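Colleague: Based on the hints, put chain G in the right spot on chain W.
In order, the protein sequence lines correspond to chains W and G.
Sequential numbering of the first sequence, starting at 361, is according to the numbering used here.
Sequential numbering of the second sequence, starting at 361, is according to the numbering used here.
Everything labelled a hint here was simulated from the structure, so no lab data went into it.
A quick note: this is a predicted structure, and the numbers were derived from the prediction, not measured.
It is possible that some hints are incorrect.
Taking lysine-lysine and the DSS-like style, the derived pairs with C-alpha atoms no more than 30 Å apart in a straight line are [claimed, not checked]: (1) K627/W x K725/W; (2) K490/W x K725/G; (3) K727/W x K627/G; (4) K465/W x K727/G; (5) K727/W x K465/G; (6) K627/W x K727/G; (7) K465/G x K725/W; (8) K465/W x K725/G; (9) K771/W x K727/W; (10) K771/G x K725/W; (11) K627/W x K770/W.
Number of protein chains: 2
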Amino acid sequence: MNVEIINIGDELLIGQVVNTNASWMAEQLNLAGFRVHQVSVVGDNSDHIAEALGLAETRAEVVLISGGIGPTRDDITKNTLCEYFNTRLVFNEEAYREVEAMFSKRGYPVTELNRQQAMLPEHCIAIANKLGTARGMWFEKSNPTVIFVSMPGVPFEMKAMMTGEIIPRLKQRFHTPFILHRTILTQGIGESFLAARIEVWEDSLPPHIRLAYLPQPGIVRLRLTGTGDQEQRLADELAKLIAALQELIPDYIYGYENDTLEELVGKILTDKGATLATAESCTGGYIAQLITSVPGSSAYYKGSVVCYANEVKEQVLGVQHETIEAFGAVSEQTVTEMAIGVQTLLNVDYVIATSGIAGPTGGTKEKPVGTTWIAIATPDEVYAHVYQFGDSRDRNIRRAALQALNLLRKKIVF
Amino acid sequence: MNVEIINIGDELLIGQVVNTNASWMAEQLNLAGFRVHQVSVVGDNSDHIAEALGLAETRAEVVLISGGIGPTRDDITKNTLCEYFNTRLVFNEEAYREVEAMFSKRGYPVTELNRQQAMLPEHCIAIANKLGTARGMWFEKSNPTVIFVSMPGVPFEMKAMMTGEIIPRLKQRFHTPFILHRTILTQGIGESFLAARIEVWEDSLPPHIRLAYLPQPGIVRLRLTGTGDQEQRLADELAKLIAALQELIPDYIYGYENDTLEELVGKILTDKGATLATAESCTGGYIAQLITSVPGSSAYYKGSVVCYANEVKEQVLGVQHETIEAFGAVSEQTVTEMAIGVQTLLNVDYVIATSGIAGPTGGTKEKPVGTTWIAIATPDEVYAHVYQFGDSRDRNIRRAALQALNLLRKKIVF
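If we strip away everything but chain W, and leave its shape as in the complex, we get:
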């Protein structure tokens, strides 16, 4: 069974907007067991839209359309749909009432434009839009049966409609196999090294369970997708595989599904009633920013000293001038003194400290760009380790921050 996606909008064809709707829709459909055969992006033009509908109908059983409807751009798409499906626009009392209710709740007046939006094709199922004024429209053609659904292009409206209405309805209409996904999150190992480490495990996967590597800077997500008929059996099978993987690479797995390191660290600290501070040189505040991006982080996070200049390391954190002179700012000795300094100054249980050469300049033969010392202070000890990241300033900062958060997590948990 094939699904095609048609995205309508001139803004997509001049490159003003990246077509994230298509990838999101494709991913959700794929996760639900549907296969996307093609994505077509067309402009706000009646003939072109009609042509795209006609071609999609020859290749797919389901055609999902996003964009081209909404208060200021209804005309072309809706009229084209009416013509294509040989129907006409009629006033939909229910749709109008809903918009009216939504607007009065927000204190806005209902405009003539909104009234026009309640004009819907006579022969379509109107799909509720909880987050906006443009309804979805579900059409069916027979011999052979092809389903067409038109949705708004505003991403959050489209997403809510897909998740809440379209995918559940499609699952009722088409037999899809039962699909289970599990995502395992790893940090501290690159994709190719990870693949080599888990090769035997990967080769042992049965044909109904597929593995995808989803790398991001500093992180590799592993997604297992299992297909089958018996939910419980599949869940058990995946759990067993993940347990085996956990034994293979215990040092690199930090979480599952949508976990983030900053949230995990926050939860652990909250549970322990412990506090955290950071002393950042090369990461320049990025770790602080990650930690404080979590709502409620003020409960455990006291703050950071971003000590970009050596004199700040000395004067604020109490790093010895002689230490920096003898070993350099990027050294085990300096990063350890930074960690102890901020632990004392901010009176916290745990500390992350970083000092490295982010680049592009500042590297030497002994300490090339990417050399990064990370220290973790706990109530009992200070641990420091050196890492070699790469050439890219941005990625070095990001990799150092994720490595530091994961190190902290391990030092607290184990």
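Modeller: Just chain G now, with coordinates in the frame of chain W:
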């Protein structure tokens, strides 16, 4: 003259990768005076690729294909192209030598796969790829003439090929009008308020000059696109329009083209030989991170005290306990004392300090979520101002940081 884009790759149809190639290509083509008529995304499947080529040929004079070639996925696409253009693969000595030279420079051995990559269709122009091993392939069909170009899907290889080879060659082949773009960067005013402020100016634009609003969180970019025959006259016309705009909204324009606030601030400080530090509460290190994302920022940026906890404001920055008691942490008095405190502690010329309620919790009737105090300390004064941002934690942090950087810029420049 129509261009169509075909992106090949199963990874695009399962939503694993967002199709940023299409939007980048569309934008570059648009900026060069070409019109993109459609984007089609198809899988790594011979029949499907051939079908897409055939349909594109009926609608466009130029078909740009990305993806489906490269060391591990050459087979399908190249063979499909050969069949479509009725030619065969032959060994291209020059292409092979280039790959060999690139690999020996990097110290890699040339593999059998690389040898296969030097097999290219006999009747095509091989397009150089400075950043990878897969060459571009330029085909032409006649009656009517349609140009097809196949490029690698790796974004940086495709981009270099488009900019260095494809667009210049297309401009030689097709008459495109002369096009000039100027981007004006604004901060501190939302899109709809900006539109209202410049309505009369916008309405006065001649038909050959178009305006696009390109909003991002905290920033609105205005892009003027002028079309004409005489370069100098068009440049003068745009300069005049920008000068008029500058007079209309002097407080909101901070830069042009690809400027960023953090780079602009860095340049100004470098020119002045002045130093900067920050004291961040609600922005949690984000301003430090922006500033230190600029290579060489260690020359003027000494560091930050991220004072998430009030005790850090007091103990490290010397904010009076009585000040926080009487006025609260989010107040003119506290943010002013933070600014003075960090200016003294880190011994710098300029300071940014922030204290606000980022949300989602912590708001009150008097100080709702989004309330943010920003202070700028200069060698002569401390200036503080309160802003009302919105409900979203992420956007509040971002808007506060950009507002703070722009305030600092203005305080130094004016």
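Colleague: Next step is simple, just say for each hint if it's right about the structure.
Modeller: Each hint tested on the structure:
For the proposed pair K627/W and K725/W, the alpha carbon gap of about 41 Å is over 30 Å, so the pair is violated. A hinted pair counts as satisfied when its Cα atoms are at most 30 Å apart, and K490/W with K725/G qualifies at roughly 29 Å. For the given pair, K727/W sits about 28 Å from K627/G by alpha-carbon distance, which is consistent with the 30 Å threshold. The hinted pair formed by K465/W and K727/G meets the criterion: a straight-line CA distance of about 24 Å does not exceed 30 Å.
Proximity of K727/W to K465/G is assessed by CA-CA distance (about 23 Å); at most 30 Å being required, the pair is judged to hold. Between the alpha carbons of K627/W and K727/G the distance comes to roughly 28 Å, so the proposed pair stays at or under 30 Å and holds. In summary, the hint linking K465/G to K725/W is supported, as the alpha carbons are separated by about 20 Å, within the 30 Å threshold. With a C-alpha separation of about 21 Å, the suggested pairing of K465/W with K725/G holds against the 30 Å cut-off.
The straight-line distance between the Cα atoms of K771/W and K727/W is roughly 26 Å, inside the 30 Å bound, and the hint therefore holds. Note on K771/G and K725/W: the hinted pairing is violated, with a Cα-Cα distance of about 42 Å set against a maximum of 30 Å. A distance of roughly 13 Å separates the Cα atoms of K627/W and K770/W; the hinted pair therefore holds under the 30 Å criterion.
This entry does not satisfy hints 1, 10, going by the numbered hints stated previously.
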